[in-house]
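Each chain, letter by letter, is given below.
There are 2 protein chains.
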Amino acid sequence: MLVFSEKLKKCVRENGSRVVLALDLSPSVGEKDFKRRLLVKSRRILSEVEEHIVGVKINFQLLLPLGLFDDLRLLIEDVSHYGLPLIMDCKLNDVEHTNEWASRYFFEAGFDALIVNPFVGWKGGLDAVFSVAKDYEKGVILLVYMSHPGAEEGYGQRVVRDEGAVRFQYEVFAEKAKSWGADGVVVGATQPKIIERVFEIVGRKIPIFSPGIGSQGGVIGEAFRAGATYAIVGRSIYQSEDPKRSAKEIKEKINEAMGQF
Amino acid sequence: MLVFSEKLKKCVRENGSRVVLALDLSPSVGEKDFKRRLLVKSRRILSEVEEHIVGVKINFQLLLPLGLFDDLRLLIEDVSHYGLPLIMDCKLNDVEHTNEWASRYFFEAGFDALIVNPFVGWKGGLDAVFSVAKDYEKGVILLVYMSHPGAEEGYGQRVVRDEGAVRFQYEVFAEKAKSWGADGVVVGATQPKIIERVFEIVGRKIPIFSPGIGSQGGVIGEAFRAGATYAIVGRSIYQSEDPKRSAKEIKEKINEAMGQF
Chain A
1035 MLVFSEKLKK CVRENGSRVV LALDLSPSVG EKDFKRRLLV KSRRILSEVE EHIVGVKINF
1095 QLLLPLGLFD DLRLLIEDVS HYGLPLIMDC KLNDVEHTNE WASRYFFEAG FDALIVNPFV
1155 GWKGGLDAVF SVAKDYEKGV ILLVYMSHPG AEEGYGQRVV RDEGAVRFQY EVFAEKAKSW
1215 GADGVVVGAT QPKIIERVFE IVGRKIPIFS PGIGSQGGVI GEAFRAGATY AIVGRSIYQS
1275 EDPKRSAKEI KEKINEAMGQ F
Chain B
1035 MLVFSEKLKK CVRENGSRVV LALDLSPSVG EKDFKRRLLV KSRRILSEVE EHIVGVKINF
1095 QLLLPLGLFD DLRLLIEDVS HYGLPLIMDC KLNDVEHTNE WASRYFFEAG FDALIVNPFV
1155 GWKGGLDAVF SVAKDYEKGV ILLVYMSHPG AEEGYGQRVV RDEGAVRFQY EVFAEKAKSW
1215 GADGVVVGAT QPKIIERVFE IVGRKIPIFS PGIGSQGGVI GEAFRAGATY AIVGRSIYQS
1275 EDPKRSAKEI KEKINEAMGQ F
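Heads up: the protein sequence lines correspond to chains A and B, in order. Going letter by letter, the first sequence gives residues 1035 to 1295 in this note's numbering. Going letter by letter, the second sequence gives residues 1035 to 1295 in this note's numbering.
Next up, chain A with everything else stripped away, as it sits in the complex (with noise of 0.2 Å):
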């Protein structure tokens, strides 16, 4: 079994692509049997895009309507069969016992990384998870900066470290991405000074996941340009009037920003 980095970067060889599919359909409120739509739609829109993606990253949207051991495993073995990594996106932070055992249950699923937030720390917390992920040979992704507006209260706030230095928060978060081993980050695509700066600390070594191209407003050459190594791509693809085409399109647009540099 080939490890989360591996995988990745095998699909990226095999179907030149760096667009990882957020398969985070919800269904039209009252809209009737929405479970099994939700399925037979997230399955149909896989199927079609398959060949132009490099990852699917799951969230609560399908999780919590298909439940992780009853129908989201139809769409889990899918994802297998074509051979993508998957990613469970619930920003796990918690304590221990938790952490250790969403990782477990989440990774016995066939999920091959999770993403977690790093501002829940090391001790009785993440220290959980990566343990798990290590048992597993599975990757753990941190979020260092979220896509959305009010991100800035947060992942761009000024603390105060140890010595006394006054450090963005992101920073703080990429260095642990580092030294705690991340297989991942994610920094939003709506801010490309921030890939920019998060590419210094953590270099070529730990991938960067960019969500929120298209629909939230981030742009790709310039996620791209500052060092963005994976777009993370849902409404722009899954709401589309041809995936498939929408799928390529960006596909296209990353790789063509990639070679111009």
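No wet-lab data here; the hints were simulated from the structure. It cannot be assumed that every hint is accurate.
Since copy identity is lost for identical chains, a pair holds within one copy or between any two.
Derived pair list, reagent style BS3-like, types lysine-lysine, alpha-carbon separation capped at 27 Å [what the hints assert, rightly or not]: (1) Lys1075 / Lys1282; (2) Lys1157 / Lys1210; (3) Lys1041 / Lys1069; (4) Lys1168 / Lys1066; (5) Lys1212 / Lys1075; (6) Lys1168 / Lys1069; (7) Lys1212 / Lys1041; (8) Lys1210 / Lys1069; (9) Lys1227 / Lys1157; (10) Lys1212 / Lys1069; (11) Lys1278 / Lys1069; (12) Lys1044 / Lys1069; (13) Lys1282 / Lys1168.
Just so we're clear, the structure is a prediction, and the values are computed from it rather than from any experiment.
Using the hints, position chain B against chain A.
This is chain B only, laid out in the frame that chain A set:
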């Protein structure tokens, strides 16, 4: 239908208790038929202790194996049958699209309140949770200081505010609980001095939920003297040989402590 805070107060009056049961059961590794066992054991413990508690808190330990709209429904129905408020402790900390749908699913499934991480900020983040909670007349509880040692890294850090003043992160979060209109805050029982400081900020109107008593080292008397309103207790009850007796003893210890000041 009673809103969350009223339902909670009603249970305090009726059960004379300030104990929120954290039903965070985990299976033994490799245990067969573990989903059914988790459900059966959780329902049994709940039925034994229901008269000595004031609410129930559920987290990933049961959500993931049982499934929100699958077997977990039976447990949710039990909690509702006992008239107890039910809290989802998944520490939501996401962007608005995810927050909105996660909140909807949890409230539709029967939860009365959600615990969220204020670090994620308001705009395009937690505003969505508060907005959905308002629509459903449900509660939102903010993490202000967690109970594990690593909490110091984030919740205990010093941050520079706009006006240049240096504050502790938990003070900033306690102020947000007030300005955002939260229905409660979480402060670990392991930090009575921080409970005291948070109580100074939020006052009597916002209850303080305090986890970490017992197995995590928190002391009942110290936490309640400092201003805790409710204790969140898990292992000290569900791992006890006699959960009913343990719940009753913890309830009485809290009431004794509360009577001393």
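Open item on the list: If the cut is 27 Å between Cα atoms, do Lys1168 and Lys1069 qualify within a copy, between copies, both or neither?
Closed with: between (34 Å within a copy, 25 Å between copies)
Open item on the list: Reference check for the pair Lys1212 and Lys1041, CA-CA at most 27 Å: within, between, both, or neither?
Closed with: Cα proximity of Lys1212 and Lys1041: one copy only (21 Å, versus 46 Å across).
Open item on the list: One pair to classify: Lys1212 and Lys1069, alpha carbons no more than 27 Å apart. Within, between, both, or neither?
Closed with: Cα proximity of Lys1212 and Lys1069: none, with 40 Å in one copy and 37 Å across.
TODO: Classify it for me, Lys1282 with Lys1168: is the Cα-Cα distance of at most 27 Å met within a copy, between copies, both or neither?
DONE: neither (34 Å within a copy, 41 Å between copies)
TODO: If the cutoff is 27 Å on CA atoms, where do Lys1278 and Lys1069 land: within, between, both or neither? Let me know, please.
DONE: Within one copy only: 23 Å inside a chain, 38 Å across chains, cut-off 27 Å.
- [ ] Give the relationship of Lys1041 and Lys1069 under a CA distance limit of 27 Å: within one copy only, between copies only, both, or neither.
- [x] neither (30 Å within a copy, 31 Å between copies)
Open item on the list: If the cut is 27 Å between Cα atoms, do Lys1075 and Lys1282 qualify within a copy, between copies, both or neither?
Closed with: Answer is within: at 19 Å inside a copy they meet the 27 Å cutoff, but 50 Å across does not.
Open item on the list: At most 27 Å between alpha carbons: which applies to Lys1157 and Lys1210, within, between, both or neither?
Closed with: both (13 Å within a copy, 26 Å between copies)
Task: Up to 27 Å CA-CA - Lys1066 versus Lys1168, copy category - done: between (42 Å within a copy, 24 Å between copies)
TODO: Check Lys1210 against Lys1069 for me: Cα-Cα at most 27 Å, and say if that holds within a copy, between copies, both or neither.
DONE: neither (38 Å within a copy, 36 Å between copies)
Task: Intra/inter-copy verdict for Lys1227 and Lys1157 if alpha-carbon distance must be at most 27 Å - done: Classified as between: cross-chain Cα gap 20 Å, same-chain 31 Å, threshold 27 Å.
- [ ] Indicate which option fits the pair Lys1044, Lys1069 if close means a Cα-Cα distance not exceeding 27 Å: within, between, both or neither.
- [x] Cα proximity of Lys1044 and Lys1069: none, with 33 Å in one copy and 35 Å across.
Hint violations for this structure: numbers 3, 5, 8, 10, 12 and 13, all remaining hints satisfied.
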